[in-house]
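Please model the complete structure; the sequences and the hints are all you need to start from.
Chains F and Z supply the protein sequences, listed in that same order.
The first sequence begins at 1 in full-length UniProt numbering and counts up by one.
The second sequence begins at 1 in full-length UniProt numbering and counts up by one.
To be clear, the hints were calculated from the coordinates, so they are not data collected in a lab.
Careful: at least some of the hints might be erroneous.
No copy labels: a pair is met if it fits in one copy or bridges any two.
Below, in silico cross-link-like pairs of lysine-lysine (DSBU-like), each with a Cα-Cα straight-line distance of 35 Å or less [claimed, not checked]:
hint	residue 1	residue 2
1	Lys186	Lys23
2	Lys66	Lys23
3	Lys186	Lys66
4	Lys23	Lys142
5	Lys186	Lys142
In this text the structure is predicted, and so the values were computed from the model without any measurement.
What follows is each chain in one-letter form.
There are 2 protein chains.
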Amino acid sequence: MPPNRPTPIVSVDVVLLTLAQGKLQAALHRRGRQPFQGCLALPGGYVHPEEDATAEDTARRVLREKTGVQPRYLEQLGTFAGAARDPRGWSAAISHVALMPHEALRQAGDEVFHFYDVDQLPELAFDHAEQIRAAVERVRNKASYSTLPCWLLPERFTLTQLQRTYEQIFGETVSRGTFRSRLGIKVGDMNPGEAADQADILIATDQFQGGSQRPARLFRVNRLSLFKRASW
Amino acid sequence: MPPNRPTPIVSVDVVLLTLAQGKLQAALHRRGRQPFQGCLALPGGYVHPEEDATAEDTARRVLREKTGVQPRYLEQLGTFAGAARDPRGWSAAISHVALMPHEALRQAGDEVFHFYDVDQLPELAFDHAEQIRAAVERVRNKASYSTLPCWLLPERFTLTQLQRTYEQIFGETVSRGTFRSRLGIKVGDMNPGEAADQADILIATDQFQGGSQRPARLFRVNRLSLFKRASW
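Here's what the structure looks like:
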C-alpha cells in the first residue's frame, strides 16, 4: 500500500468541443461550489472507484450526471497534475476531449452549457483554459490526417457539410477538388453501402438531403480513420 | 474536499527507450517488491505531494532515485487508469516516455537495466507492455515529422549517425538524399554555429569525427522541432 502521506486528488475533466456559428466552440458550465464557485469551467468530477472501471467511464458518468449528454467521440487528452493547480492540494486531472454536434448539446437545455469560441476564451477555473488549448491543438492536428471532424456532425451528413466542418476547424476555405483529393473521395455515382473514399470510411446511405433538383447524398462514418501519412 | 471514499493510487511510470544493436529497446528493471515481485517492469513510483511540484518532477525523481539516470528528453504519454490494472486498488499511472543514448543508460551499471527489443517484449508487470506499445507508436509517429530521434544520440552526432537512428526507429533503410531532403538538410560546407537545416534546428559544431581522410562534422540539437506538415 502507499505509505502514509497526503494522497493526490484524482479527477476527470472533459473538453467538450462543438461547431457553432462557423467556429470551434467549447461547452462550459458555471461551477456551483468552491473552489472557483460561479466561474466558468469544464465539466468534470472525481473518480468514483466503486463505480468507474476506467477513467473514460468517469468521463462518461460525469457528463451523464452533470449535463445529460453522451458524446459519440471521446478520447484521453493528457493529465494535468501538480501541487499548484487546485487549492485543495496535489491533484491530477485526467483530461479528455469529446466532440459533439451542436444540436445534440443544445438538447441538454439552454441553462446547462455556455458556448465560447476556443480562440476567444473568457477567464476559466483551474487550468481549464490550458486544457482547452491542448484539446484544440490535438483536434486541429488530428483533423489534418483523419476523419475526426465527422464527430462534430450529426450521424448522417453530406460531403459538403463535411467539407465546411474541416474548413471551420482550420479557419480557412479549401476548394472542393482539394478537399476531396485529400480525403481520397472518389467521384461519380455511388450505391448505398458503398464507400465514398479509398479507405472505406465514409459510407453512402440511401438517404438524401435538399430539394428535388440536386439532392445531396447523406453519408455516415463508422470509426476514426487515419489517412495514410507520407513515409520516407 | 473529496467525499469519504476509497482514494485512487497515483503513480508515474517511465517508458525509457534507447537504441541498441540497431533496434529500439526498452530499459526495464526487476521489481523488488509485491505486487509482481521479481517481474520485469518499467521504472516508476508514487507521487510524493510534498516533494514533486508536477508529475514530470515525479518521473525525474523516480528515475534519479531508482536508476541514477536523467533523460534529456521526457514527455507525458498518457494515463493508464482503472480498477483492474493494480491488485492494490483503483490506480492511475501517469505514463511518460523518455529517450536516452544507450551509453548514458549503461553508465547506470549493468545490474540496473535489462534491455529488450520493443517488438519482442517478455512478460511484464501490470499493463507495462501496453504502455511500451503506446510509447513506441508515439515515438515512431513523431519521428516521422520531427527531430525527436536526436535524443537517442549523444549530445553531438554526425548526420550519418542521425540517418541511422531514423532508420533503426522505422526498421527500414533510406537513401542519403531522401533522408536529407525530408529533414530539409542543406548541402555544402558549413561553419560552426550555422544550421544544417532550413528550420535552424541542427546546429554545426566546430568538432569532427573520424579519420583525417574525410572527417564528419558533429552537430547538436537544441529543442524538439516539428517539420512543417503538408496542409491543404
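Next item on the list: Taking the numbered hints from earlier one at a time, note which ones the structure violates and give those numbers from smallest to largest.
Entry: 3
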